[in-house]
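2 protein chains.
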Amino acid sequence: MSEFEVTDRNRLMRYPKRASYDRAVIYPIIDEALVCHVSFALDGQPFIIPTIHARDGDRILLHGLKGGRLLEYIEAGNPVAIAVTLVDGIVFARTVFNHSMNYRSVVLFGRGKIIEEPAAKLAALQRLTERVIPGRWDEARAPNEKEIKATTIVGIDIEQATSKCRQGPPGDDGEDLEFPVWAGVLPTPIVPQAAETDPKQTAGFAVPDYVKNFNPAKR
Amino acid sequence: MSEFEVTDRNRLMRYPKRASYDRAVIYPIIDEALVCHVSFALDGQPFIIPTIHARDGDRILLHGLKGGRLLEYIEAGNPVAIAVTLVDGIVFARTVFNHSMNYRSVVLFGRGKIIEEPAAKLAALQRLTERVIPGRWDEARAPNEKEIKATTIVGIDIEQATSKCRQGPPGDDGEDLEFPVWAGVLPTPIVPQAAETDPKQTAGFAVPDYVKNFNPAKR
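Those sequence lines, one after another, are chains A and B. Residue numbering for the first sequence follows the numbering used here, starting at 210 and increasing by one per position. Residue numbering for the second sequence follows the numbering used here, starting at 210 and increasing by one per position.
For reference, chain A alone in the conformation it holds in the complex (with noise of 0.2 Å):
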């Protein structure tokens, strides 16, 4: 784990102390995060895509993006931003002015390209499947040849990556510490509710546990 080269490019410029740059900080944040945002621009256009991910070492692995724009502009090799966002809770301040959200999130920059050898492919899709549901690659149908042909993925180089988080109470101070109205945090996790079975489920399988204890924070 070491530091990310810092340059005008990700270097945060609003609320710099809620920056890191730190491998061990931002890692974990891509990790727990259930999609990232891609951000990428044809001839002056922003677009953004929303998608899974998964992160393999500097890499993030991106899939199922046949036929779209972004596909075509990555094998170009051009640019691309990423964010992952974490909502925490939101923060309930005395004043309007201080209100915000408890938040970890993370932008990253880097260029990609198509991994086309099948057998990378399907160790790429056996990373992604068990990075999004631990304990699933061993217990569904492998993909089939037919479906690694049909599957498209990409690995993103992570060139550089910016953390920014804020955590913690509201920040009032002075006399606006006696203004008369509850203050606080309202946690607002994700939660995984009891999980409901394909109707067209043809036997009675057990819930695994894996499904059962899912927690998106620690995976």
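These aren't lab readings, by the way, just hints derived from the structure by calculation. Among these hints, one or two may not hold up.
The list treats identical chains as one, so a pair stands whether inside a single copy or across any two.
Taking lysine-lysine and the DSS-like style, the derived pairs with C-alpha atoms no more than 30 Å apart in a straight line are [what the hints assert, rightly or not]: (1) K358 / K409; (2) K330 / K226; (3) K330 / K358; (4) K427 / K355; (5) K226 / K358; (6) K226 / K355; (7) K322 / K355; (8) K322 / K226; (9) K275 / K226; (10) K409 / K322; (11) K409 / K226; (12) K421 / K358; (13) K275 / K421; (14) K421 / K322; (15) K355 / K275.
Add chain B to chain A, keeping to what the hints say.
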């Protein structure tokens, strides 16, 4: 309510059946999301910023961009793309290939203007506060002149938008339905937890009902 014009910019290319261009579908998704992601590019380098937002008719309000790259970019009349994404569940198919997420997402395109006039800024701040946490504006200390000056608010006029949603059980079919593994959906909603009172609270105020009963999907 009505449909947005569909052009090459906002036409959904992958899974077009999952698309809608109807404000009646799109606006509730925007309103439920606690954060959005704003995509823009400078000299071909994409950037992305997570931030809170509020919708006011056909306009998205953003605040707190002062001193950043995005504000300058918007001021110059450049287009942005904004995404909101609600992750509703993880879809466990029998085949690795059919694994998916249930989600409701929107991508919108527009251009912004800074809201400069103090009364309009105050109205926009009220809208932002009430959209995120209905009921709070009347109880918190209102912004003073200095705070209003220190706040930058941008209104983005929505030119086009597209929603993309997936809901329901896994899409396995044929002989895969016999594959011996549990299949179904794990719902992954945001579930607010017990509010944490600010340790600096100087008197025993009760947690307000709008905090206790906060529900991202109903506000």
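Hints, one by one, checked against the model:
no.	hint	verdict
1	K358 / K409	within (27 Å within a copy, 59 Å between copies)
2	K330 / K226	between (40 Å within a copy, 27 Å between copies)
3	K330 / K358	within (9 Å within a copy, 53 Å between copies)
4	K427 / K355	neither (33 Å within a copy, 43 Å between copies)
5	K226 / K358	between (46 Å within a copy, 23 Å between copies)
6	K226 / K355	between (50 Å within a copy, 23 Å between copies)
7	K322 / K355	within (21 Å within a copy, 49 Å between copies)
8	K322 / K226	between (34 Å within a copy, 28 Å between copies)
9	K275 / K226	between (40 Å within a copy, 16 Å between copies)
10	K409 / K322	neither (38 Å within a copy, 51 Å between copies)
11	K409 / K226	between (52 Å within a copy, 22 Å between copies)
12	K421 / K358	neither (32 Å within a copy, 50 Å between copies)
13	K275 / K421	neither (32 Å within a copy, 44 Å between copies)
14	K421 / K322	neither (35 Å within a copy, 47 Å between copies)
15	K355 / K275	within (15 Å within a copy, 51 Å between copies)
Consistency with the previously given hints fails for numbers 4, 10, 12, 13, 14, ordered from lowest to highest.
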